Amino acid sequence: MAKVTVITSGKGGVGKTTTSAAIGAGLALRGHKTVVIDFDVGLRNLDVVMGCERRVVYDLVNVVRGEATVRQALIKDKRIEDLYILPASQTRDKDALTIEGIGRTLDELKHMGFEHIVCDSPAGIEKGAQAAMYFADEAVVVTNPEVSSVRDSDRIIGMIDAKTQRALQNQEPVKCHLLITRYSPKRAQIGEMLKVEDVLELLGIPLLGVVPESPAVLTASNTGTPLVLLENTDAATAYLDVVKRFLGEQQPHRFIEAKKSGFFARLFGSDLATVG
Amino acid sequence: MGFFDLFRKRGSETAAQQAKDRLQIIVARERASNGEHVKSYLPKLQQELLEVMAKYEKLDLDQVSVNLDRKGDAEVLEINIVLPPEAKPRRSVRTGVTPTFQT
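These protein sequences, in sequence, are chains A and E. Its first residue numbered 1, the first sequence is counted upward by one per residue in my numbering. Its first residue numbered 1, the second sequence is counted upward by one per residue in my numbering.
Since the hints were made in silico from the structure, they are not lab data. Owing to the predicted nature of the structure, the values given are computational and were not obtained by experimental measurement. Don't take each hint at face value.
[What the hints assert, rightly or not] Cross-link-like lysine to aspartate or glutamate pairs, in silico, EDC-like; alpha carbons within 20 Å at most:
id	chain 1	residue 1	chain 2	residue 2
1	E	Lys20	A	Glu172
2	A	Lys186	E	Glu13
3	E	Lys20	A	Asp198
4	E	Lys20	A	Glu192
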């Protein structure tokens with residue numbers, strides 16, 4: 001059974017596209033045939049993050065409107081077997097998507113044997129975000145430990161509970177997961193940043209993972225490399241863990257506690273830049 | 001905790017604690033306004049206040065705001081009615097009514 005998962009957040013810039021690319025790539029690395037769909041019509045970015053921007057011919061809007069077939073629009077990743085991208089249109093606007101058209105497109109992808117369909121939602125709570133979440137079986141809510149992001153995530157969780165197909169047809173509710181990104185255990189420890197447990201308490205959905213603030217994220221997008229391929233980086237490790245948990249495997253959480261620092265670091269404060 | 005941390009202000013809450021406290025209020029209020037467990041009479045109260053006020057002053061819909069805040073254990077119902085300047089040109093424009101009640 002194919003599973004449709006929306007990556008959403010409400011707020012922009014918290015890591016939806018990074019997360020969509022990383023989870024999609026991680027699932028494919030584990031041997032699951034996976035497609036990542038960019039729903040951010042007009043502001044597509046998944047293609048550049050995944051390094052396939054020069055291979056875009058047809059897009060999601062073409063497919064939804066019957067101007068191209070799904071096969072024509074799909075881009076196969078060159079590095080990871082079983083990973084495909086369905087890019088957004090850069091020239092149309094979000095009104096070009098219809099719920100019926102999206103439903104047809106998802107059905108076709110399921111018939112093609114995709115096991116995971118990852119929907120990269122646009123920011124906001126308007127039509128585009130609702131279109132991305134409508135057919136979701138599961139949702140990954142991406143949140144930064146910061147007030148505006150937590151607030152927007154709460155709104156989005158409310159919408160997932162009310163405006164998805166599962167909610168409207170009284171089916172089993174969409175399974176929500178919380179993913180905290182750009183986390184700094186050190187800053188949380190000294191009270192500069194909301195702690196993981198604070199965000200969990202406020203939002204009340206189970207934790208899928210914590211991705212630490214990491215230079216690897218920028219390196220990955222600079223070079224168009226799937227983040228999970230940047231071996232031995234903290235962010236890649238965190239996302240590979242996330243994929244394991246998403247697949248139902250046991251994997252203890254990491255990156256929540258600050259590393260124990262040495263004597264001098266403790267004496268002078270472990271991060272001099274933040275003192276003051 | 002580093003050596004320099006000793007010079008930080010003591011007794012005041014951390015920024016993270018303030019963020020959490022603020023979010024608890026924001027989130028509770030927005031869940032309420034989105035139809036979950038509620039002070040559900042607030043929109044109606046706002047409407048009726050507006051109707052009463054409209055008998056005496058020319059008002060438009062944006063001129064009455066009704067808010068529910070939480071301060072410690074108490075909830076504060078704050079009603080702000082802005083009187084139009086042309087009705088009483090020199091008068092200060094804010095009438096704040098802030099009854100406080102325990103819940």
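| Hint by hint, which ones does this structure get wrong, listed from lowest number up? | 1
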